[in-house]
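Trainee: Letter by letter, the chains look like this.
Protein chains: 2
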Amino acid sequence: MKVSIEEAEKFVERLWFRHTDSTVIAVLQDAKTKEVLMVGHMNREAVIRTLTTGYVHFWSLSRKKLWLKGETSGNYQIVEGINVDCDGDALIIFVKSLGPVCHTGNKSCFYRNYTDFMKDVNGKKEL
Amino acid sequence: MKVSIEEAEKFVERLWFRHTDSTVIAVLQDAKTKEVLMVGHMNREAVIRTLTTGYVHFWSLSRKKLWLKGETSGNYQIVEGINVDCDGDALIIFVKSLGPVCHTGNKSCFYRNYTDFMKDVNGKKEL
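Sequences listed follow chains A and B, in order. Here the first sequence is numbered in this note's numbering, starting from 1 and rising by one per residue. Here the second sequence is numbered in this note's numbering, starting from 1 and rising by one per residue.
For reference, chain A alone in the conformation it holds in the complex (with noise of 0.2 Å):
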């Protein structure tokens, strides 16, 4: 999925870019089997560049900037399809995803259940 600067312009004036930094939340759904890979956030540029490349770009909180998905590890995000909240606060990215969105090498982020993140000794200090 790719649209024009144009489209994406408009795009943006409609959400409300309330979230840290002046972002929307947006959740990575994998487009075939709706596993959840990540949650990450987006301001007006990196979702402008989403929609206008079709690759997936994030507002990184820790290094305060703009971050291509897969830039470093060739794990590219494809855009699939996009979908907006009742208050336009949060976006789910549908992707083909290119590789393991974690840099722990997990396909998934969120590859943890209560169980294992009890269990795991390395606990939040896991970056």
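Don't read these hints as lab results, they were simulated from the structure. Hints are all accurate, no fakes.
Below, a list of computed lysine-lysine pairs in the DSSO-like style, where the Cα atoms sit at most 30 Å apart:
no.: 1; chain 1: A; residue 1: K2; chain 2: B; residue 2: K119
no.: 2; chain 1: A; residue 1: K10; chain 2: B; residue 2: K107
no.: 3; chain 1: B; residue 1: K107; chain 2: A; residue 2: K96
no.: 4; chain 1: A; residue 1: K65; chain 2: B; residue 2: K64
no.: 5; chain 1: A; residue 1: K107; chain 2: B; residue 2: K107
no.: 6; chain 1: B; residue 1: K32; chain 2: A; residue 2: K119
no.: 7; chain 1: B; residue 1: K10; chain 2: A; residue 2: K119
no.: 8; chain 1: B; residue 1: K34; chain 2: A; residue 2: K96
no.: 9; chain 1: B; residue 1: K34; chain 2: A; residue 2: K119
no.: 10; chain 1: A; residue 1: K34; chain 2: B; residue 2: K2
no.: 11; chain 1: B; residue 1: K64; chain 2: B; residue 2: K2
no.: 12; chain 1: B; residue 1: K119; chain 2: A; residue 2: K34
no.: 13; chain 1: A; residue 1: K119; chain 2: B; residue 2: K2
no.: 14; chain 1: A; residue 1: K10; chain 2: B; residue 2: K119
no.: 15; chain 1: A; residue 1: K34; chain 2: B; residue 2: K107
Here the structure of chain A is known, so what remains is to put chain B in place on it, guided by the hints.
Mentor: Structure of chain B alone, referenced to chain A:
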């Protein structure tokens, strides 16, 4: 899914409440259909109440208060499982949904795809 207060307190100790009002992001996903229903925020107390009661609770960013999902509508969301992301600042809550999560009456808050959203004259004003 329900755990003791002691276990819930251990769980929250391991999370990273980095988002607005010291919250984690919670993605509600239908345990059966895998549909993403909504995105909300949970502070420590909301996570603890969710875990100890088995009913989804949020921290409302707008109203600045704890909120039992379904307390007015009766559409409670029952917790069937929880996954945690790699840096502990986001959760997937797998739920059995006792009714629509959205105030619009839709099963999911993400009821509009890109095309519907662009056509929707109410846009972000629909709250």
